[in-house]
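Letter by letter, the chains look like this.
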Amino acid sequence: MSLELFSQYIFAGITYGIIYAIVAIGFNIIYNTTGIINFAQGEFVMLGGMSAITLNYYLPLPLAIIGAVLFTMLIGALIEIVFIRWLKNPSVLRLIIITIGLSIIIREIALHVWGDTVRALPYFTGNVVSSVTILGAPISPQVLWVLAVCSCIVILLSLFFKFTPLGKEMQACASNRLAATLCGINAKNMVTFSFMLSAAIGAVAGCVVSPITSSEYDMGTGLAIKGFTVAVLGGLGNSLAAVAAGLLLGIIEAFSIAIGFPLAFQDAISISILLVILFVRPHGLFGNKEAASLKEF
Amino acid sequence: MLKIRNLESGYSKLRVLKKISMHVDTGEIVTLIGANGAGKTTLLYTIAGMIRSTGGDIVLFDQNLKPCSPQHIVKMGCSLVPEGRQVFSTMGVEDNLILGGYVRYKRDREYSQTAELKAIYDIFPVLRDRKDQLAGTLSGGEQQMLAMGRSLMAGPKLIMMDEPSTGLAPLIVKEIFKIILGLREAGNTVLLVEQNAKAALAIADRGYVLETGKIILQGPADDLLNNSDVQRAYLGRDVDSDTATCDIV
Ligand SMILES: Nc1ncnc2c1ncn2[C@@H]1O[C@H](COP(=O)(O)OP(=O)(O)OP(=O)(O)O)[C@@H](O)[C@H]1O
Ligand SMILES: [Mg+2]
Chain V
1 MSLELFSQYI FAGITYGIIY AIVAIGFNII YNTTGIINFA QGEFVMLGGM SAITLNYYLP
61 LPLAIIGAVL FTMLIGALIE IVFIRWLKNP SVLRLIIITI GLSIIIREIA LHVWGDTVRA
121 LPYFTGNVVS SVTILGAPIS PQVLWVLAVC SCIVILLSLF FKFTPLGKEM QACASNRLAA
181 TLCGINAKNM VTFSFMLSAA IGAVAGCVVS PITSSEYDMG TGLAIKGFTV AVLGGLGNSL
241 AAVAAGLLLG IIEAFSIAIG FPLAFQDAIS ISILLVILFV RPHGLFGNKE AASLKEF
Chain W
1 MLKIRNLESG YSKLRVLKKI SMHVDTGEIV TLIGANGAGK TTLLYTIAGM IRSTGGDIVL
61 FDQNLKPCSP QHIVKMGCSL VPEGRQVFST MGVEDNLILG GYVRYKRDRE YSQTAELKAI
121 YDIFPVLRDR KDQLAGTLSG GEQQMLAMGR SLMAGPKLIM MDEPSTGLAP LIVKEIFKII
181 LGLREAGNTV LLVEQNAKAA LAIADRGYVL ETGKIILQGP ADDLLNNSDV QRAYLGRDVD
241 SDTATCDIV
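Protein sequences, first through last, are from chains V and W. Residue numbering for the first sequence follows the working numbering, starting at 1 and increasing by one per position. Residue numbering for the second sequence follows the working numbering, starting at 1 and increasing by one per position.
Simulated from the structure, these hints should not be mistaken for laboratory data. Warning: the hint list may mix true and false statements.
[To be verified] Interface residues of chain V toward chain W, partial, derived using beta-carbon atoms under 10 Å:
| hint | residue |
| --- | --- |
| 1 | S91 |
| 2 | C152 |
| 3 | Q171 |
| 4 | A172 |
| 5 | A174 |
| 6 | S175 |
| 7 | A179 |
| 8 | I185 |
[As the list claims (entries may be wrong)] Covered stretches of chain W, going by a simulated chain V footprint (3 or more residues, C-beta under 8 Å):
| hint | region |
| --- | --- |
| 9 | 84-91 |
| 10 | 181-191 |
| 11 | 212-221 |
Quick caveat: nothing in here was measured; it's all calculated off a predicted structure. Glycine included, C-beta positions come from ideal geometry on N, C-alpha and C.
Construct the entire structure; sequences and hints are all you get.
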């Protein structure tokens, strides 16, 4: 394999991998504050991309993206307020069924609103054919956008959780809800925030990948499976590990094509990895066994 | 400061507290003793707003608490150090303390986090040595001190403590009780729930005895210490045969 081809596969792997990581981080944020796996996470990515495309008919691209992110955050908040907030001590299974149901509903509504045509946002800089040469390989500038934006998300999120009062309060709720309430933190609001935050980063990811992968109403399902695989692979709740696991899965996928695996088998790869991990290391590659044994799910 | 009249409370089907009346005056240490399952924790949770009462009144700082959320009660200046410490075990010691102070930090421009932290570290010097350690890795006694420090960061006027001495070695218990006495010196008011009745009554001004959801005895701490029913039930000795003086903290 030539260096050019090799670096092209690496870049493709990293691009998809970091998107999976962002979806996985969305899972983790909600999982950490509530213990719920929100299977509607992929739908946030779809909503972000699709609504940005629609808004882009009327607004310049940056404003359309901002609008799409705000819209998706609103949907995230509504989901929490309408379907989750008022439940008293719901079981994990019940919550999972609720989020799966919601993902189906959102997808069906999207089908009615946008139809089943495949759309895409325009390239942020340049167009389909423009490229930058890195390590001998022509790379689309949009790939650099994806990498830059997703890395920013990861860095900003960790700063947010480490240094801002709101971030610390969300962490406190995740750590001990009773104690957080006794410290005067409104735990229910923190759960709403966690849905809004997950929705926001999902939507941003949906916008930056749209030019490369295109957007359609049912893109969320596949992404949710990949993101969930990555979240489990890294160890549920651990966002830095999710980045590593995401890159790993992305690169595995890219090279599976390189060695001649049919494209149609890509999803099978991640599902097999998910199953193997669940059997062999349910606490994830980087997770800690003791911490995992304390978790409800 | 705190007045409770005919309070009734419990969990969906189970009525735990039956017409409880009690009060805590400014500057007092009041202790509430009672057997396991008497409803002590339930009473504190009801005052803290974690459980809705089903009857009666709670009046805190001359304000009726009926419709108050836990957040509001903390903001008013009444903090609970819960049973079993409940620190944020996955976060650092200093972050735990800082979180306790957010209710004031967010509203009060004058509030200085560093000054408050220094004050807490002066009361609990062990915490200063461990400020970057994860709270879950502290010893039981240190966690208890952290839970107390975290509540104090909110600058409460009334501080409620649920069994602070449980599971701690006698020496640490002594230290914790000394700190509670120090809190009163500093102008705080304390409502102390304890299994360790002897130690609690020794530092308290007044006491209440709770049994199956009812207050069955109340009075100055010294009277309760000498009361034969209390001695038999909670101080673990048979009054008739026991002549030894009780050794108080
Ligand atoms: N979450 C709950 N749901 C239902 N019943 C509860 C709950 N918590 C406590 N109870 C019941 O309420 C009664 C009083 O419990 P509470 O915890 O107030 O007792 P306590 O006096 O604090 O006991 P201890 O000294 O053991 O801490 C008990 O019978 C208990 O089983
Ligand atoms: Mg109790």
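Does the structure break any of the earlier hints, and which numbers would those be?
Violated: hints 1, 2, 10 and 11.
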